[in-house]
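Engineer: Going down the list, the sequences are from chains A and B. First residue of the first sequence: 497, per this note's numbering; consecutive thereafter. First residue of the second sequence: 1351, per this note's numbering; consecutive thereafter.
Incorrect hints may have been included.
[What the hints assert, rightly or not] Chain B is faced by these chain A residues, among others (derived, beta-carbon under 10 Å):
| no. | residue |
| --- | --- |
| 1 | 710 |
| 2 | 729 |
| 3 | 807 |
[What the hints assert, rightly or not] Some chain A residues well away from chain B (every beta-carbon gap over 10 Å; in silico):
| no. | residue |
| --- | --- |
| 4 | 566 |
| 5 | 602 |
| 6 | 619 |
| 7 | 669 |
| 8 | 734 |
| 9 | 745 |
| 10 | 756 |
| 11 | 757 |
| 12 | 799 |
| 13 | 806 |
Derived by calculation from the structure, the hints in this document are not laboratory data. Values in this document were obtained by computation on a predicted structure and should not be read as measured data. For glycine and all other residues, C-beta sits at the position ideal for the given N, C-alpha and C.
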Amino acid sequence: MARFVARRLAGMVAVLFAVSVIVFVVFMVLPKQNPAQTLAGKNATPVLVKNIEEEWGFDESLPQQYLSMMEKIFTGELIQYSPRLPVLDLIVEKVPATFSLTIGAALIWLFFGLLLGYLSAIRAGGWLDRILTGVSIAGISIPVFLLAPVLIFVFANKLEILPNGQYVPFEEDPVEWLKHLILPWITLAVLSIGFYSRVLRSNMLDVMNEDYVRTARAKGLSERQVMTRHVLRNSLIPVITLFGLDFGATIAGTAIITEAIFDIDGVGNYAADAVQKFELPPIMGVALYGAFFVVLLNTIVDVVYAYLDPRVRLGESASA
Amino acid sequence: MSAPLLSVKDLRVGFATEAGVIQAVDGVSFDLRPGEVVAIVGESGSGKSVTAQTIIGLTRANNARIEGSVKLGGEELTSAGDAAMRRLRGERIAMVFQDPMTSFNPVYRLGDQIVEAIRAHRPDTSKKQGRERVVGLFEAVGIPNAEQRIDDYPHEFSGGMRQRAMIAMALSLEPEVLIADEPTTALDVTIQAQILDLLARLNRERNLATILITHDLGVVAEVADRVLVMYAGKVVEEGTLDEIFYDPQHPYTWGLLGSLTRIDRPRPHRLPQIAGSPPSLLDLPKGCPFRPRCPHEFSKCPQYPPLEARLPDSPGHRDRCWLTPEEKREKRQVEGQIGLEAPREVGQA
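One chain only, chain B, in its complex shape (with noise of 0.2 Å):
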């Protein structure tokens, strides 16, 4: 197996607010190799946006605390100034947002904009020289009629293709790591593959490492390589996407894949979800945070679960759960399908 480019260390990332500290990002790591599609998946508040761009060096403020290690190609990145943070950002790790609406300023043409990001980091790049750049990007991401269409403002745009000039600009430097914070989620279903496609190629042709966040394991299922599952700040499960499609061992993984609508089964009653909702990172319960809204729940559980290798066979799978690998298998088979069954108090809500 190749070296790392990107290795994640037990990054922290909390933030002062007059209520406390929201440690919104405990302890998270993970390796990025060349070419690799890494995806963050969880619910909104996991944390896994906050990964992301303490990555990139975004989080950075006054009331921000990062403890941690973010190593690029061996450069420490969390102790990295902020001039050279500014060199990196673009350069060698680029970042897709996920509302293509909001992500480009709506004042200037989207060729410019994009032959800004290039001219940021070389400087004697002629406008001539980087429009021709920005054409053969939007021709690479399939934007038709290049040519014009980069002299268009963003609203001239649709929603999918405004995305694949946000893909545009993030390749425009050749950066050696692609961080995709939900970039399908504000697209129809149908354009929704079409950019997932974008990316999949991008990453097979450019040997671009990708760290994909995300919400939705539909998306994780078409391009992921390796998927970390988080929950309320912390990793809960990681693996290969084999290993978290067929053999889940953290029951809120189980609960995200039993919330799955699927095409190839039938209809359900009433559409799957998880009951309750996600701690305050304030006022987390103790032990396993999942803890409030688990089925399964019994006395271990306030304990604390490192996250380990529970499977003799798969040292690379690890979660955090007390539950042994037997009473998974069996607890997660709902209605002869990975599920997470309601639990007794929440459930009829």
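In isolation and in its complexed conformation, chain A is listed as follows (with noise of 0.2 Å):
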């Protein structure tokens, strides 16, 4: 466990310092553009210029540049162009709001999932089956971009029991932030509601004909348990390594879109408005961010992949 812990703190520095690296390279070292005649606008003097230059270093060598925003970054000085407030304090400040949606979100199609999975699975073949197969198909289905218009105006707008937007912090008022997060959570669970039903319905219809569930129908369990104990429990194991990598995809970038159509002001909708600035700083700090949470989901499921298979042993298997 010790060893597998090291090797993979080793790995989440390897993958975090390639991430910057071609971040840098893809928006410092490939725009042909000098970032100080761009935040010195059109009308720069060259003197101007030269100041800015010298101010945000722009003028030293590549690497150096790249060492001492490194620098910055763990310092908590990196500082974004305009504003100039510090990248760290900023997206501090927006994570509760995407991990309030991206969490929420992620219990609601985990939960729905693997309920209308499980249902389908025990009833495959039959009308309830069909049923959850069309709803899970449509989910799949719809795209973000329109199914958040839809709920939108038929909720907010013609029904109007629900906002049609922006963050509440849950210290300011919980019922309100609940109140807003009820449509972006549903945007952004419903296709993978739909898709976890998917997964989980194969991979229980693949285990009921193992043998061992069988054995544990030939012992005497009731189906019940057979399904639970049995068939649901072994099917878990793959899916559970899904929802830990998608997880981790959500926080670092999928809920871009979501945080977009709701102006809700995350971490996403920071990434997307700096990148549009083209301002290093921020598009760097959000990357590295991103890039972390999906190596630490990575080595959580590892590990719960483990405990849940007792055949996995982390010290041989594991690779970051």
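Please assemble the complex out of the two chains, which come individually in their own frames, going by the hints.
Structural biologist: Right under this line is the structure:
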């Protein structure tokens, strides 16, 4: 276990380093434009450009610029261009909104995905299975940018029972927090509910044919015990893996569209803004934040996997 | 003779498929008495496993048609409710499966899986009582260090040890009937002998009535009292162990006996086999189903032969072959021992 953790930490550092280099190269080296020129504006004097270059360090060598940027990231001193605010503080400020959105949506999609998948599998071939299959396929097929406006139109504009967007911090007003998040949660969860129910259903149908399920019946367990303790339990292993990876990816960026449509001031929206304005410091900050969660969730998945399936041993099999 | 514990009468099991009804078991009857071992022998697809699983109610499905009667101590099982069948599984009839590698759930400890079986029938058993019981069972089936090994996962056991654990689980509720479905097929030969010894010993010590399903007559010779030979869903011959081994009446049985490799005989030029393969259950030949593979086919074979005693001295020895006992005695001799000669057309293949 200790070896596994050590190896994973080393792997995490390697991934974050690679991500930071790629982001730096893509946004700093490849564009031919001088960032100081952009910052100074269209009618800037050469003196002003020169001043900006010196102030932000654009006149230094690229490796030097990279190193000082990394140093500032870890000391929390990295400043975005305009307004001049520390990137770290901004991300920390926006994390509650993003986490409220993604964790809530993840719980919803996991619960309903598994529920629908389970019901579908134990009634495979019956009318309930057919209805749920239709619902799942519909959920998978509807794009977020279509689903969200429809939800807003129906629940916010026509029925006027839910707000059409924005984020209210939980500490400020828990009820409003909930009301503001319901539509974004549904928007973000629908695709995964459909997808997870299909995955669980097909896993369960596979496991039902396993010899040990026949053994479970032969020893006199009730159908419900056979389904929950043996079929569902074993079918969940791959689903949990999938969930860890998807949840990491959602925190890291999949939520961007939903945040943009519902005008939620989260990390995803911040990243989208930064890319539009071509601001390297926030892009770098958000990229590392996303990569960190992807790698972290990957590691958690491996630990949970070894717990769920005793045949897996962390020491030998795992690699970063 | 004591009254039969388990009595199967004219059992028929068919499965509706898109291609038609597959009659997997077609009129099987036999009695099983306490302490007796009945072996059901046949190739893959002969219906032996379906027979066993139907007895315990595991073949019930929407597309299954089950007819005939299975009585356990006078109680009819084919019409018993699902809940009644569930209570009886493991408690009165237990089953040991072929592949011990895949027959335990890989994610639970072996001891827990056996305790689960005990608690399914005796819910007031405490976890501790259950564990103690499993330790005793492990010792009874010859698993060393039982105390520690009950906390192992299935993948930490060897194949032979896993089959012992499977037998321990089957015995956990002291059933009256044990169904062993190819219990040694997936094991090494040396381990096979150990498992068969174990089954024979349990059968003796606990007066356990056993149905042994196998395709291996060598296994049958070790433990069985009576033998049913099945082919294409039907019993083609039945009798005591000695009757089947020393005076077999059906050419299919000759073929099975002839394809046994024996250490006390000269090594054959090539391994004997029964030419051809079993017929499709969707397209059975008219009359005797073994006819296309039988070198002794003659004019009566297109008529379906009844299962009846054809030898005046042994009323319990019944078969489905039209040949007279004298013809059989002569035709089953191949190179000085019992066997089935290769039929002319397919023999060269």
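Engineer: Are the hints correct? Go through all of them and say.
Structural biologist: Now the hints, each set against the structure:
The beta carbon of residue 710 (chain A) comes within 7 Å of a beta carbon in chain B, closer than 10 Å, and the hint placing it at the interface holds. A hinted interface residue such as residue 729 (chain A) counts as satisfied when its beta carbon comes closer than 10 Å to some beta carbon of chain B; here the least separation is about 7 Å, so the hint holds. For residue 807 (chain A), the interface hint holds, the least distance from its beta-carbon to any beta-carbon of chain B being 5 Å, beneath 10 Å. Its beta-carbon lying about 44 Å from the closest one in chain B, residue 566 (chain A) satisfies the requirement of being farther than 10 Å from that chain.
For residue 602 (chain A), the requirement that its beta carbon stay farther than 10 Å from each beta carbon of chain B is met, with the minimum near 24 Å. With a cut of 10 Å on Cβ distances, residue 619 (chain A) stays outside the contact zone with chain B, its closest approach being about 12 Å. Listed as outside the interface, residue 669 (chain A) is consistent with that label: its C-beta sits roughly 44 Å from the nearest C-beta of chain B, beyond the 10 Å cut-off. Every Cβ of chain B is farther than 10 Å from the Cβ of residue 734 (chain A); the closest lies at roughly 13 Å, confirming the non-interface assignment.
At roughly 27 Å from the closest C-beta of chain B, the C-beta of residue 745 (chain A) stays outside 10 Å, upholding its exclusion from the interface. Under the 10 Å C-beta cut-off, the non-interface status given to residue 756 (chain A) relative to chain B holds; the minimum distance is some 42 Å. The beta carbon of residue 757 (chain A) is kept farther than 10 Å from every beta carbon of chain B, the shortest such distance being approximately 41 Å. Distance check for residue 799 (chain A) against chain B: the nearest CB is about 16 Å away, which clears 10 Å, and the non-interface claim stands.
Remark: the non-interface label on residue 806 (chain A) conflicts with the geometry, its nearest Cβ contact in chain B lying 5 Å away (cut-off 10 Å).
Checked against the numbered hints given earlier, the structure breaks only hint 13 and satisfies all the rest.
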